[in-house]
Amino acid sequence: MSSPAQSVVQSVDWLAIAPPTVAAFVGLAVLVADLFVGDNRKALLGWTSVAGLAASALLLLPLLDGDRSTFCLAGSTDVCSYTADRFTLVLQFLVLGGALLAALLSVTALKDADRGLPEGEYWFLLLSSAAGAALLPASRDLATLIVALEVASLPAFALVGIRHGDRKSSEAALKFFLSSVTATAVSLMGISFVYASTGTLYLTEIADRIQHVDPQLHTLAQAGVVLTLIGFAFKTAAVPFHFWVPDTYVGAPLPIAAYLSVVGKAVGFSGLILVTVVAFPSYADVWGPALAALAALTMTVGNVGALRQQSTRAYSAVRLLAWSSVGQAGYLLVPIAAAAYSDDAQKSIGSTVAYALMYAAVNLGAFAVAALVARTKPLNRVSDYRGLYATRPLPALVLGFFLLCLAGLPPGIIGLFAKVTVFSAAVDAGLGWLAVIMAVNVVIALFYYLQWTALLFRAPEKAEERHRAPAPLTAAIALTAALGIALSGAPQLVLRFTDTGLF
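If you count by this note's numbering, then the sequence shown holds residues 3 to 505, one letter each, in order.
Do not rely on the hints blindly, as some may be mistaken.
To be verified - With a Cα cut of at most 30 Å, we get these calculated DSBU-like pairs of lysine-lysine:
id, residue 1, residue 2
1, LYS44, LYS170
2, LYS44, LYS113
3, LYS113, LYS177
What the hints assert, rightly or not - Label-pair restraints from in silico Cβ distances:
id, residue 1, residue 2, range
4, VAL183, ASP80, 32 to 42 Å
5, PRO412, HIS214, 46 to 56 Å
6, PHE449, GLN213, 45 to 55 Å
7, THR184, ASP67, 23 to 33 Å
8, ALA76, ALA484, 43 to 53 Å
9, LEU495, GLN348, 39 to 49 Å
10, LEU30, TRP435, 48 to 58 Å
11, HIS214, ASP346, 24 to 34 Å
12, THR378, VAL429, 42 to 52 Å
Just so you know, these hints were derived from the structure itself, not from any lab. The C-beta atom is built at its ideal place from N, Cα and C for all residues, glycine as well.
I would like the entire structure built from these sequences, with the hints used as guidance.
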């Protein structure tokens, strides 16, 4: 007969938690190693971080054979804090792959900064944020969810403001910090209300108990659901909680802007999916219309904001990508809203994940080319890309391909496929009005994407010298281009890969 102490002891499935754990431990190792590595060998820290992120991503492969869970309630193997199912693995692949590409961009950025950025702290913060972002999609209780969210977010504040003495960077970090802290405070209040009314933090138990709360606590439960959703809307940069995005992307080092545009969104959207379709399915009549309205507002404001960017304004290329990412967030919200009305919520969620994979590959690629251009033209204006094909034919062709993917035009088949998938999710759920708004926004976006693409192939205003691209930057561009082309050749693989198995 086991003692009470033994009954609460459980074995940990180390393989299941290996991807985020390895990223975290490599981050700590890099921070300690920074104390002993000389200035002339700091590049080793970067390559160690890249290797650590690659190892974390490779550790997803042994988990493909079936669902694994750990940190479960005693006697309840189906009520766990950490679950490595298909949904988790797809999003961890997106997060760790995105972090790996951002790390490749960072190797070049830190070298160009010539010790202007603290390398040990930079890599520690990036790996810590990636570990938290990889933990979040596996979280199956609200406490772990919030902890993962903050582990992903807090290092990102420091990374945005890591340029010492740079006023623009400091202002960007402050805006990002204040908005994120507000989101966390709102989320925590909502979670405390949910816990008070249900008596549990586990998502599956909340889904069951919230339908049978005491009538006296019904208003408290409703307030908890609404506040939790508002908190995650901040994290996804949904309008009107998007105000921090343009200035943060401009003020941050370019690799960090790329990281936030992809990994930051993956964090927010995976958390939003978990709290809506897993924890609060009985409140679909509340979050469904709210998310549909947010999707319409977000895609419209984002695309109009991108359309208004002046090509000669300093950092207009980064600002355009920032506003574009807000518009893309609106498209990502559509299938989550559709899940509230659909008979097959899993298919709707799969559409969001499929779109996120497409967006991650091509947006990181666009930022990689922007980082290449910024090496010779640090103001990074859209007008600086005029005639890029004449001086750098391959990067120009690749950027044109990425922009066409984001616009949803051939030969960017994967972008067209992803948009059709999201559009179908809205129509199948009976949200015809949202599908119409999305179609209008796609047309608006065509204008600024095609305008930028056409600029790449115009005659340059003056002859420019050709500079050799660094190997890490070339590798990042080549990887994203290869992924985008491969997915455009076989787009059906995306939906097969994103059969989430969340339910």
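Structure-based check of all given hints:
Simply put, LYS44 and LYS170 have alpha-carbon atoms about 26 Å apart, close enough for the 30 Å limit, and the pair holds. Between LYS44 and LYS113 the alpha-carbon distance is near 9 Å, which keeps this suggested pair within the 30 Å criterion. Annotation: proposed proximity of LYS113 to LYS177 holds, straight-line Cα distance about 27 Å (limit 30 Å). The supplied range of 32 to 42 Å is met by VAL183 and ASP80, whose beta-carbon atoms lie about 35 Å from each other.
Against the hinted window of 46 to 56 Å, the Cβ-Cβ separation of PRO412 and HIS214 comes to about 52 Å, which satisfies the hint. Between PHE449 and GLN213 the CB atoms are about 47 Å apart, so this pair conforms to the stated range of 45 to 55 Å. Range check, THR184 to ASP67: about 42 Å between beta-carbon atoms, so the 23 to 33 Å window is missed. As the Cβ distance of ALA76 to ALA484 is approximately 47 Å, the hint placing it in 43 to 53 Å holds.
Judged by the Cβ atoms, the range 39 to 49 Å given for LEU495 and GLN348 is violated: they are separated by roughly 18 Å. With their beta carbons about 50 Å apart, LEU30 and TRP435 fall inside the hinted range of 48 to 58 Å. Take HIS214 and ASP346: their Cβ atoms lie about 26 Å apart, and the range 24 to 34 Å holds. A C-beta distance of roughly 46 Å is found between THR378 and VAL429, which places it inside the suggested range of 42 to 52 Å.
In this structure, the earlier hints numbered 7 and 9 are contradicted, and the remaining ones agree with it.
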